[in-house]
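Protein chains in written order, with our numbering: chain E, 1 to 347; chain Y, 1 to 347.
Simulated from the structure, these hints should not be mistaken for laboratory data. Quick caveat, the model's predicted, so the values are computed rather than measured. Careful, some of the hints might be misleading.
As the list claims (entries may be wrong) - Selected chain E positions facing chain Y (Cβ under 7 Å, derived; list incomplete): (1) E4; (2) Y13; (3) T28; (4) A40; (5) D56; (6) A67; (7) F94; (8) S109; (9) E112; (10) V113; (11) S188; (12) N194; (13) Y196; (14) N198; (15) S238.
Claimed, not checked - Pairwise CB distance ranges, derived in the manner of DEER restraints: (16) Y:V124 / E:S73: 54 to 62 Å; (17) Y:K195 / E:N130: 30 to 38 Å; (18) E:A60 / Y:D286: 36 to 44 Å; (19) Y:K195 / E:E261: 34 to 42 Å; (20) E:K309 / Y:V124: 33 to 41 Å.
All C-beta atoms in this analysis are idealised placements derived from N, C-alpha and C, irrespective of residue type, glycine included.
There are 2 protein chains.
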Amino acid sequence: MSFEENIRKVVPYTPGEQPQKKVIKLNTNECPYSPSPRVAQAIKEMDIDALRKYPDPVCASLVSSLAKYYGLSDDQVFVGVGSDDVLSMCFLTFFAGQKPIIFPDITYSFYEVWADVYRIPYKVIPLNDNFDINVSDYICDNGGVVIANPNAPTGVAESLENIEEIVKKNQSSIVIVDEAYIDFGGESAVGLINKYDNVIVTRTMSKSRALAGMRIGYAFGPAKLIKYLNDVKFSVNSYTMNMPALLAGKAAIEDDEYFTEIRDKVVATREWCKKELKELGFTFRDSKTNFIFARPPKGNAKEIFEKLKENDIYVRYFNKPRINEYLRISIGTDDEMKKFFEVLKKI
Amino acid sequence: MSFEENIRKVVPYTPGEQPQKKVIKLNTNECPYSPSPRVAQAIKEMDIDALRKYPDPVCASLVSSLAKYYGLSDDQVFVGVGSDDVLSMCFLTFFAGQKPIIFPDITYSFYEVWADVYRIPYKVIPLNDNFDINVSDYICDNGGVVIANPNAPTGVAESLENIEEIVKKNQSSIVIVDEAYIDFGGESAVGLINKYDNVIVTRTMSKSRALAGMRIGYAFGPAKLIKYLNDVKFSVNSYTMNMPALLAGKAAIEDDEYFTEIRDKVVATREWCKKELKELGFTFRDSKTNFIFARPPKGNAKEIFEKLKENDIYVRYFNKPRINEYLRISIGTDDEMKKFFEVLKKI
Chain E
1 MSFEENIRKV
11 VPYTPGEQPQ
21 KKVIKLNTNE
31 CPYSPSPRVA
41 QAIKEMDIDA
51 LRKYPDPVCA
61 SLVSSLAKYY
71 GLSDDQVFVG
81 VGSDDVLSMC
91 FLTFFAGQKP
101 IIFPDITYSF
111 YEVWADVYRI
121 PYKVIPLNDN
131 FDINVSDYIC
141 DNGGVVIANP
151 NAPTGVAESL
161 ENIEEIVKKN
171 QSSIVIVDEA
181 YIDFGGESAV
191 GLINKYDNVI
201 VTRTMSKSRA
211 LAGMRIGYAF
221 GPAKLIKYLN
231 DVKFSVNSYT
241 MNMPALLAGK
251 AAIEDDEYFT
261 EIRDKVVATR
271 EWCKKELKEL
281 GFTFRDSKTN
291 FIFARPPKGN
301 AKEIFEKLKE
311 NDIYVRYFNK
321 PRINEYLRIS
331 IGTDDEMKKF
341 FEVLKKI
Chain Y
1 MSFEENIRKV
11 VPYTPGEQPQ
21 KKVIKLNTNE
31 CPYSPSPRVA
41 QAIKEMDIDA
51 LRKYPDPVCA
61 SLVSSLAKYY
71 GLSDDQVFVG
81 VGSDDVLSMC
91 FLTFFAGQKP
101 IIFPDITYSF
111 YEVWADVYRI
121 PYKVIPLNDN
131 FDINVSDYIC
141 DNGGVVIANP
151 NAPTGVAESL
161 ENIEEIVKKN
171 QSSIVIVDEA
181 YIDFGGESAV
191 GLINKYDNVI
201 VTRTMSKSRA
211 LAGMRIGYAF
221 GPAKLIKYLN
231 DVKFSVNSYT
241 MNMPALLAGK
251 AAIEDDEYFT
261 EIRDKVVATR
271 EWCKKELKEL
281 GFTFRDSKTN
291 FIFARPPKGN
301 AKEIFEKLKE
311 NDIYVRYFNK
321 PRINEYLRIS
331 IGTDDEMKKF
341 FEVLKKI
């Protein structure tokens, strides 16, 4: 026997490229604006000597500021190293049964990867040709449900009514609503956590709060589920959030004015980009996110992706069935998008 | 059926207390000195605007500086959110077989917790009454081996000869050598990674480099094992290390002079504390770490632990068979230890 038999072999998730050279980066749905000046202040004022000590394992100050902001109690909030960490912990915690969990075929591709690494059986449910979910598909015997709302990479938002119906009709399993992009549009399911005991809502500061580099994600849920999540978290790593992340997260959530300002700017640019794309003959579902998932008139997405790249403009292309004629274009600043359209028109 | 059946129920690891009030904190093996001034510099110079972007997923700059420092190649180094994250990933990656993994009964108690959360079968092997391992106990059919060297909470270091024997005789399983405390004494197994294909050595910046609050751990291993580890890591969270951690880790590893200075200070204080404890009738195995695991003359460890706490001096007490007459005392500054002995003598 060899040790190879003991090794967990997996096909990992491939994140969007992080080129080291200066490019127009519209490939990972980052925010084109700086984090809140309060984040800069918090980091500047950080007590470097205190770094010799472990950070607060329960992340009390960050949890409390999130709870306060969203009108929840502290025991309804969980924090982690980006929403990837939060979602990973959710998969590990809530999907330990034998029945397959379900999620759409076109969605955040990490769901399949987590199911795979934790050996969770799963079944993907095709979206319709319009990239919408069919609610009745989710009313079935299952080990858990995951819905990104708004969805990525499609940008499509489902109604809260639909989300609630799925939560309501799945009382025997946990429903995770991944709201990474909710700040840019759509209706949040956060209110459902006081109404149902089987729903978890996840969020991130990487997109709308311009803190991708700090790795801060969070989840809302009934206190009982958050307790289960924390038990697993404390069985994996006692201290996941380092001191700068705790301080920056608190500072960011407390600066609502700045948040609203940059979020509104991204939304305004997105609406303008929709018009431009339409004029160029691109087709897309209405986006409620900080990206647009669009099909070029000739469907030659791969070719355009490569040509943009040659011009130092990075967008995301997924070489996968059903979506290989689409580009996912993150919303940059107005200047970046002007440059993008300039190059696109030449192509 | 209820969703409870799908939930992973665990008994989490309990970290040492992180009291919010000012105390003499000798309970979590932190460094009593500040991090390197270069860390302060790196944080001060950090480009806050860059936080809007994801950090480098492969952590190239930190990995390279570690590889350079330890004379390894980049593909032999893995980094994570503290050595807890690194060890957790190792358990998930390398212990996916059916055979029980083995580790000592008295050791870092997180090993049992990781085995439990990932449903890994395990068997604990009693240390002898002197807290030493018996090498022949580890030469058996197993799914993996974990040895902390020097061991915690005992402080005992095994010879490199013994460690190598265990690695050599376990070619069919991965042997993890947890060297969280190696900077304070003992012989590192890092040289074995170029000699054997089944060994992983883990480290942390939380103790000897005074960066517990930044959460930086790392592992060395043959390139093939590091690749497996990264595949699993990229299946859990693409970006585990945030930007401040990447910058601080690099700065810390590059300041060898400061590292040596504070490490030597801790070691000098430890040697002095050993003498004091001996005079007070405490018994202990010779410690090669930044703590001393000592039995008070009357074995009344719990009582002393509580009385110290009343005096705002926190040490660690484990209410567990075989070690419930011991205190684990982290090494503080000379002043902190003087105060500790002052109070201890009164008790």
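Here's how the hints hold up against the structure:
no.: 1; hint: E4; in the structure: 9 Å, violated
no.: 2; hint: Y13; in the structure: 6 Å, holds
no.: 3; hint: T28; in the structure: 6 Å, holds
no.: 4; hint: A40; in the structure: 4 Å, holds
no.: 5; hint: D56; in the structure: 6 Å, holds
no.: 6; hint: A67; in the structure: 18 Å, violated
no.: 7; hint: F94; in the structure: 6 Å, holds
no.: 8; hint: S109; in the structure: 11 Å, violated
no.: 9; hint: E112; in the structure: 10 Å, violated
no.: 10; hint: V113; in the structure: 5 Å, holds
no.: 11; hint: S188; in the structure: 22 Å, violated
no.: 12; hint: N194; in the structure: 17 Å, violated
no.: 13; hint: Y196; in the structure: 11 Å, violated
no.: 14; hint: N198; in the structure: 6 Å, holds
no.: 15; hint: S238; in the structure: 4 Å, holds
no.: 16; hint: Y:V124 / E:S73: 54 to 62 Å; in the structure: 39 Å, violated
no.: 17; hint: Y:K195 / E:N130: 30 to 38 Å; in the structure: 59 Å, violated
no.: 18; hint: E:A60 / Y:D286: 36 to 44 Å; in the structure: 39 Å, holds
no.: 19; hint: Y:K195 / E:E261: 34 to 42 Å; in the structure: 58 Å, violated
no.: 20; hint: E:K309 / Y:V124: 33 to 41 Å; in the structure: 54 Å, violated
Checked against the numbered hints given earlier, the structure breaks hints 1, 6, 8, 9, 11, 12, 13, 16, 17, 19, 20 and satisfies all the rest.
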